[in-house]
Amino acid sequence: MSDDQYLEDSLMAKYYVKKPISISRGFMQYVWDSSGNKYLDAHTGFGVAFLGHRNPSIVNAVMNQLSKVITVPLTMYSEARLEFLTKFSRIIPGFGKVFLQNSGAEAVEVALKAARKITGKSAFLSFNGSFHGRTLGALSVTGNERYRKAFEPLPYSVRFAPLNAINQVDKLITEDLAAVIVEPIQGEGGINPAKPEFMRALRQVTSEKGVLLIMDEIQTGFGRTGWTWTFQGLGVEPDIFTAGKSIAGGLPIGVAVVKSGFGDVFEPGEHGSTFAGNPLVMAAAAAGVNVLIEEDVPQKAAEAGKKLLRRLEEIKTRAILRIKGMGLMLGIELRGRGDPHVNELMRLGVLASTVGGGSTIRLLPPFCINEEDIDHLGNALEATLTKENA
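Be aware that the sequence shown starts at -19, since it is given in our numbering, and climbs by one per residue.
Among the hints, a few may not be true.
[Unchecked claim] Okay, derived cross-link-like pairs now, DSS-like style, lysine-lysine, Cα gap no bigger than 30 Å in a straight line: (1) K93 to K239; (2) K48 to K67; (3) K18 to K239; (4) K175 to K189.
The set of hints was computed from the structure by calculation and includes no laboratory data.
Using the sequences plus the hints, can you model the full thing?
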């Protein structure tokens, strides 16, 4: 541990286990540490840098906005906010009302509040292994007991069910529920995709019983899985969905989107946010939408994801149990722990993370990775996973 790392630890409250690396700069799919070592970033800050580190289009938009104004509250109008909303509306067909927030957890909070306000009901159904955030409301619907246990009892009434249990859907969804909340692919839970037929069953039964369907697209959305929104690929449209992470190119943002038919959900004072919708983030997010559309990010993610999946399937080792995911959201489920392999990947010039209780290596590389990057990533994974003690 360097002196700077020791000093940071001594000054900052400890609630993350940190890797012994100090990132000093980044550009698109690469980052460099304080010693000048280069890494292919398949971690991307838990998926935030999907459009690339310091994407020039986003940097230029931010620099331009910095010369104008940084803070405009939601009680006043903003040119930068209007530009984002206008562009964002192009990629949310069938939806009309957008709530601007500062993080994914905040977006989930407003989605839950909106569901309660719309339906007049207060209970929720979520799924085992799910992750929706660490604020108390979002934590209430997070299915991993590891995150919830220290803070129980939590404020919302929530039932948890197995993901993909199609034959149980009709019994699980009851008319007392305000909403069902589900990730199209569970991220922190271990890159566990929801089956299309399961999602269709959720949509059918929620509609029949007057229950809202909320899809959490904070990690899956904005092109990562090969679709702008993963629910489009599943052929299922929610009543509310949340987004965030990669939209603003690294600046903090969360968005909840509600079907326009519900109208304006809240009265003034029932919801708010000091920093949400500020011009700096709005400029970055508008540029992010431009990148998504003009560079056909979903298609590039789909193509790169197929190449990466093929390369991963070439790795022959008993250490791998299965490979899961879609597009550039892939997980390598292992028979053992993934942390030693993630540490070895870092030594080999690749950053990644573990999820699913530590048994799955999660890969969330930027859409701009090329064939050379895919070879490098595949070779590094093969080197660590085929060791005798893997």
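Hint by hint, here is what the structure shows:
1. K93 to K239: 15 Å, holds
2. K48 to K67: 20 Å, holds
3. K18 to K239: 44 Å, violated
4. K175 to K189: 21 Å, holds
Hint 3 from the earlier list is the only one contradicted by this structure; the remaining hints agree with it.
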